[in-house]
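J.: Keeping their order, the protein sequence lines are chains W and A.
Under the UniProt record's numbering, residue 339 is the last one in the first sequence; the count climbs by one each step, no gaps.
Under the UniProt record's numbering, residue 339 is the last one in the second sequence; the count climbs by one each step, no gaps.
Keep in mind that the hints were calculated from the coordinates and are not lab data.
One or more hints might be untrue.
In this list, chains with the same sequence are indistinguishable; a pair is considered to hold if it fits within one copy or across any two.
[Said to hold, decoys possible] With a straight-line cut-off of 25 Å between C-alpha atoms, the simulated SDA-like cross-links for lysine to any residue are: (1) Lys155 x Asn199; (2) Lys263 x Arg285; (3) Lys211 x Arg240; (4) Lys109 x Thr7; (5) Lys104 x Pro289; (6) Lys141 x Arg24; (7) Lys141 x Leu26; (8) Lys107 x Arg243.
Here the structure is a predicted model, which is why all the values come from computation and not from measurement.
There are 2 protein chains.
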Amino acid sequence: MANRPVTIKDIAEKLSISVSTVSRALKNNPEISLQTREAVQKLAKELNYRPNPLAVALKTQKSNTIGVVVPQIVSSFYASVVKGIEQVADEHGYQVFVSSSNEKLEKEKKNVDGFLNMRMDGIILSLSRATNTYDHIHKIKDMGVPIVLFDRTSKELDVSKVVADDAAAAHAAVTHLLEGGAKRVAFLTGPEYMLFGRNRMRGYKLALSDKNIDLDETLISRCDFTVDSAKQATMDLLSRSNRPDAFFAINDELAIGAIMAAKELGFKIPEEVAVVGFSNSRRSRYMEPSISTMDQNPKEVGREAANLLFEQMEDKPDSDKVKEAVVHADLIVRASSEK
Amino acid sequence: MANRPVTIKDIAEKLSISVSTVSRALKNNPEISLQTREAVQKLAKELNYRPNPLAVALKTQKSNTIGVVVPQIVSSFYASVVKGIEQVADEHGYQVFVSSSNEKLEKEKKNVDGFLNMRMDGIILSLSRATNTYDHIHKIKDMGVPIVLFDRTSKELDVSKVVADDAAAAHAAVTHLLEGGAKRVAFLTGPEYMLFGRNRMRGYKLALSDKNIDLDETLISRCDFTVDSAKQATMDLLSRSNRPDAFFAINDELAIGAIMAAKELGFKIPEEVAVVGFSNSRRSRYMEPSISTMDQNPKEVGREAANLLFEQMEDKPDSDKVKEAVVHADLIVRASSEK
Numbered sequence: 001m002a003n004r005p006v007t008i009k010d011i012a013e014k015l016s017i018s019v020s021t022v023s024r025a026l027k028n029n030p031e032i033s034l035q036t037r038e039a040v041q042k043l044a045k046e047l048n049y050r051p052n053p054l055a056v057a058l059k060t061q062k063s064n065t066i067g068v069v070v071p072q073i074v075s076s077f078y079a080s081v082v083k084g085i086e087q088v089a090d091e092h093g094y095q096v097f098v099s100s101s102n103e104k105l106e107k108e109k110k111n112v113d114g115f116l117n118m119r120m121d122g123i124i125l126s127l128s129r130a131t132n133t134y135d136h137i138h139k140i141k142d143m144g145v146p147i148v149l150f151d152r153t154s155k156e157l158d159v160s161k162v163v164a165d166d167a168a169a170a171h172a173a174v175t176h177l178l179e180g181g182a183k184r185v186a187f188l189t190g191p192e193y194m195l196f197g198r199n200r201m202r203g204y205k206l207a208l209s210d211k212n213i214d215l216d217e218t219l220i221s222r223c224d225f226t227v228d229s230a231k232q233a234t235m236d237l238l239s240r241s242n243r244p245d246a247f248f249a250i251n252d253e254l255a256i257g258a259i260m261a262a263k264e265l266g267f268k269i270p271e272e273v274a275v276v277g278f279s280n281s282r283r284s285r286y287m288e289p290s291i292s293t294m295d296q297n298p299k300e301v302g303r304e305a306a307n308l309l310f311e312q313m314e315d316k317p318d319s320d321k322v323k324e325a326v327v328h329a330d331l332i333v334r335a336s337s338e339k
Numbered sequence: 001m002a003n004r005p006v007t008i009k010d011i012a013e014k015l016s017i018s019v020s021t022v023s024r025a026l027k028n029n030p031e032i033s034l035q036t037r038e039a040v041q042k043l044a045k046e047l048n049y050r051p052n053p054l055a056v057a058l059k060t061q062k063s064n065t066i067g068v069v070v071p072q073i074v075s076s077f078y079a080s081v082v083k084g085i086e087q088v089a090d091e092h093g094y095q096v097f098v099s100s101s102n103e104k105l106e107k108e109k110k111n112v113d114g115f116l117n118m119r120m121d122g123i124i125l126s127l128s129r130a131t132n133t134y135d136h137i138h139k140i141k142d143m144g145v146p147i148v149l150f151d152r153t154s155k156e157l158d159v160s161k162v163v164a165d166d167a168a169a170a171h172a173a174v175t176h177l178l179e180g181g182a183k184r185v186a187f188l189t190g191p192e193y194m195l196f197g198r199n200r201m202r203g204y205k206l207a208l209s210d211k212n213i214d215l216d217e218t219l220i221s222r223c224d225f226t227v228d229s230a231k232q233a234t235m236d237l238l239s240r241s242n243r244p245d246a247f248f249a250i251n252d253e254l255a256i257g258a259i260m261a262a263k264e265l266g267f268k269i270p271e272e273v274a275v276v277g278f279s280n281s282r283r284s285r286y287m288e289p290s291i292s293t294m295d296q297n298p299k300e301v302g303r304e305a306a307n308l309l310f311e312q313m314e315d316k317p318d319s320d321k322v323k324e325a326v327v328h329a330d331l332i333v334r335a336s337s338e339k
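Pulled out of the complex, with its shape left as it was, chain W reads as follows:
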């Protein structure tokens, strides 16, 4: 299978002319006789010759491509972000290539190196859960390659970002539960170190205090990100004498776990236990009851990230300024909380 690509040299040898003649003939240079030009072009076509694009890129330093690094490839959120990026890239005639860090720092670094090696014109990236050093991000900047971060970003990084207003989103979700009559809203969240978790916690607390409800720390339960852990946490919370009457879950997986537990214990949803999730996964719509959730508008996140990137790539005025775009989440009320 190792038949290598046809080169100018191959054509030159076959026609017994010089490499530079072939090169100029391919460019239709009038210094070369029409006859030779035609012969070269005909053979090039027959042999399926294509100018070595690496060589072309070496000269032009432009590839009309964008590299996207996502933490996970199996995720409707990231897939929708990529879709948004593709829409904008299509409009500009750019191609999008995606690689996944699989939540590993080492792989994220490799992805970045790969994209830099391929001379992508710009890079859009969401940090993996494991990323705690940023040399690879600094390298992108130092090489003058436009970069935009989205979703999982870091305050330490002085680059343009598209972020969610997680505190505002959590505030909206919890306020909706309180205004539906809930008095004791439990919060199913993840490990403490995650930035978006901390921000949603802020929104949760603020929504309570806005309604003059005292915070009850025992209603906050830290789960890993599985349905089962949320189910177990909900079982525990609902078995207490002073049980919660609503659950705000940091994602739809945890909301599914909460609903499964509430149903198993015989509670009516939403009358006795209301639930709101986060991220509008497709299955949240088809669960029974269907799950209220926060739609993070992932396509819009992708479109914003691509727009910020093209501003840099096209050297728009102000494009050297670091910008931060906020994409807001929308509350979608469904059966799990609609009273």
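Guided by the hints, dock chain A onto chain W, whose structure is given.
T.: Same frame as chain W, now just chain A:
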């Protein structure tokens, strides 16, 4: 933002030495004095110099990368296939880059060109719904770049493939419904031109004839691939006097539509109406009732495709032979059909 990458020339100018001296110093060539070597290497580090990887690739003609073209990026099936490809690629120290054709032939061609331009060492591809010409696939072969097709393939193409045995899978699904007591199994399928639809139709018919049940063409309903169209079709079928007592849906979306309709009409699932879907989407598990389905083992599809590709890339014996790997689907019985 347009500060271009540092080149050997920049280093040479700054140190007032020749380009070839810098080049050799960077390679630690002993012909260059230790002092100069150290000075060059120190400055290269300071300036963040990296050998132009395009130039490196030009020489080595190897990029340690695989390009994957999927019809859709927002799809848990394709995402899981990519995950399987990544697993094998990781083992070989290769990186995986993904692009999406978005079900368009033009975009698929561009994706292929992009990957060829970037000198991917191999390409794994699933054809878009719109693909009806194959010049771009022939080009990959003609250039000697290893290629493997998966899932959506074409008989016209003489390249290695990973395919599902759709007829066997449909046969298993329908047999399961019949053995659960169903007498009249409806088939919710898609447009006639799709190969996998034709194969599943074959399995459906064979399962009936194996149980000596006459085919009733009126139980076959062609939907587009939306929940709503399946819901409507099911409404129609269940409103007949001689209604079906089971539904085999060509994918989980259509199974969801069938279940919604059956529930709305007050039928008990699975007692009065049993349902089996196809593809084991995540939401099939969390629907109520949970949906029996065929798991296509997408990660295994990806792993098989990558294995076939590496056989070619590593010039294994027989690697020039066109191979076809079949990945079987497994029946997952859940509440929608468990009697």
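J.: So, for every hint listed, does it hold in this structure?
T.: To see whether the hints hold, each was checked on the structure:
Taking identical chains as interchangeable, the C-alpha atoms of lysine 155 and asparagine 199 lie at most 25 Å apart only when both belong to the same chain, with a minimum of 13 Å there against 53 Å between chains. Taking the shortest alpha-carbon separations for lysine 263 and arginine 285, both the intra-copy value of 17 Å and the inter-copy value of 16 Å come in at or below 25 Å. In this homomeric assembly, lysine 211 and arginine 240 come within 25 Å of each other (Cα to Cα) only inside a single copy, at 24 Å, whereas the closest approach across copies is 54 Å. Taking the shortest alpha-carbon separations for lysine 109 and threonine 7, only the inter-copy value of 22 Å comes in at or below 25 Å, while the best intra-copy value is 33 Å.
With identical chains, the CA atoms of lysine 104 and proline 289 are never at most 25 Å apart, being 36 Å at best within one copy and 36 Å at best between copies. In the homo-oligomer, the alpha carbons of lysine 141 and arginine 24 never lie at most 25 Å apart, since the shortest distance is 38 Å inside one protomer and 28 Å across protomers. In this homomeric assembly, lysine 141 and leucine 26 come within 25 Å of each other (Cα to Cα) only across copies, at 24 Å, whereas the closest approach inside a single copy is 37 Å. With identical chains, the CA atoms of lysine 107 and arginine 243 are never at most 25 Å apart, being 44 Å at best within one copy and 54 Å at best between copies.
Taken one by one, the earlier hints fail for this structure at numbers 5, 6, 8, listed in ascending order.
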